[in-house]
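Engineer: Use the sequences and the hints to build the structure in full.
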Amino acid sequence: EAGVVQSPRYKIIEKKQPVAFWCNPISGHNTLYWYRQNLGQGPELLIRYENEEAVDDSQLPKDRFSAERLKGVDSTLKIQPAELGDSAVYLCASSLRAQDNTEAFFGQGTRLTVV
Amino acid sequence: RKEVEQDPGPFNVPEGATVAFNCTYSNSASQSFFWYRQDCRKEPKLLMSVYSSGNEDGRFTAQLNRASQYISLLIRDSKLSDSATYLCVALTDSWGKLQFGAGTQVVVTP
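Residue numbers (this note's numbering), protein chains in the order written: chain A, 1 to 115; chain B, 1 to 110.
To be clear, the hints were calculated from the coordinates, so they are not data collected in a lab.
We treat Cβ as the ideally placed atom computed from N, Cα and C, and that holds for glycine.
Some hints could be false.
[Unchecked claim] With a straight-line cut-off of 25 Å between C-alpha atoms, the simulated DSS-like cross-links for lysine-lysine are:
| id | chain 1 | residue 1 | chain 2 | residue 2 |
| --- | --- | --- | --- | --- |
| 1 | A | K11 | B | K45 |
| 2 | A | K78 | B | K97 |
| 3 | B | K42 | B | K97 |
| 4 | A | K62 | B | K97 |
| 5 | A | K62 | A | K11 |
| 6 | B | K97 | B | K2 |
| 7 | B | K2 | B | K42 |
| 8 | A | K15 | A | K78 |
| 9 | B | K2 | B | K45 |
| 10 | A | K62 | A | K16 |
| 11 | B | K42 | A | K78 |
| 12 | B | K42 | B | K79 |
| 13 | A | K11 | B | K42 |
| 14 | B | K45 | B | K97 |
| 15 | B | K45 | B | K79 |
| 16 | B | K97 | A | K71 |
| 17 | A | K78 | A | K16 |
| 18 | A | K15 | A | K62 |
| 19 | A | K78 | A | K62 |
| 20 | A | K11 | A | K78 |
| 21 | B | K2 | A | K62 |
[Claimed, not checked] Sample of chain B residues with no beta-carbon within 12 Å of chain A, all distances over it, derived:
| id | residue |
| --- | --- |
| 22 | R1 |
| 23 | A17 |
| 24 | T18 |
| 25 | F21 |
| 26 | R76 |
Structural biologist: Have a look at this one:
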């Protein structure tokens, strides 16, 4: 069975440019997470979906970040405009149903470099 | 104060030795915990789940102390391949919010 798939794996953009990341979760997983991980830090939650509903976006910088999960499957995370401080690894994860204490499975991440 | 705190290490461990480290959490309502392993430039992968007082899987043992609000991970007979960063994760609410610690780096040396 395929795991969580993310693309692209790497992205280098100039500041003020837009960028988008895509995530395909494990089939049947209702919960989808977007995390950001800086070097030497643990993943920090940006947004969490239960099916197509964003149930926790309190840490998403909404002035420049947006996300969607159409039809409760694939998800995209967008940054517009990007800033130098956005350089990080963006991780997508999914779980069957987070409320049932099931573990989250991660994709390989998108490494973003803003120059 | 962060919700989940870990000693960043590194813990330098001779091959074959035992190493243990803790993770503290601030939200007493946290119900479940996980240990993830993350290799350099890779994604986190689940190592163990901890739902009650503890869990054991081969050379790895996790203990949960709810009174003192910490979880420990012990690695016995360390292998070179155990070198990684170990992330402690708490499920902090009933709606599935996963809170990660910053990780503890373990380096197993020959």
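Engineer: Evaluate each hint against the coordinates.
Structural biologist: Results of checking the hints against the structure:
no., hint, result
1, A:K11 <-> B:K45, "holds, 23 Å"
2, A:K78 <-> B:K97, "holds, 22 Å"
3, B:K42 <-> B:K97, "holds, 22 Å"
4, A:K62 <-> B:K97, "holds, 19 Å"
5, A:K62 <-> A:K11, "holds, 21 Å"
6, B:K97 <-> B:K2, "holds, 15 Å"
7, B:K2 <-> B:K42, "holds, 24 Å"
8, A:K15 <-> A:K78, "holds, 14 Å"
9, B:K2 <-> B:K45, "holds, 22 Å"
10, A:K62 <-> A:K16, "holds, 16 Å"
11, B:K42 <-> A:K78, "holds, 22 Å"
12, B:K42 <-> B:K79, "holds, 19 Å"
13, A:K11 <-> B:K42, "holds, 16 Å"
14, B:K45 <-> B:K97, "holds, 17 Å"
15, B:K45 <-> B:K79, "holds, 18 Å"
16, B:K97 <-> A:K71, "holds, 22 Å"
17, A:K78 <-> A:K16, "holds, 13 Å"
18, A:K15 <-> A:K62, "holds, 17 Å"
19, A:K78 <-> A:K62, "holds, 10 Å"
20, A:K11 <-> A:K78, "holds, 13 Å"
21, B:K2 <-> A:K62, "holds, 22 Å"
22, R1, "holds, 15 Å"
23, A17, "holds, 25 Å"
24, T18, "holds, 24 Å"
25, F21, "holds, 14 Å"
26, R76, "holds, 23 Å"
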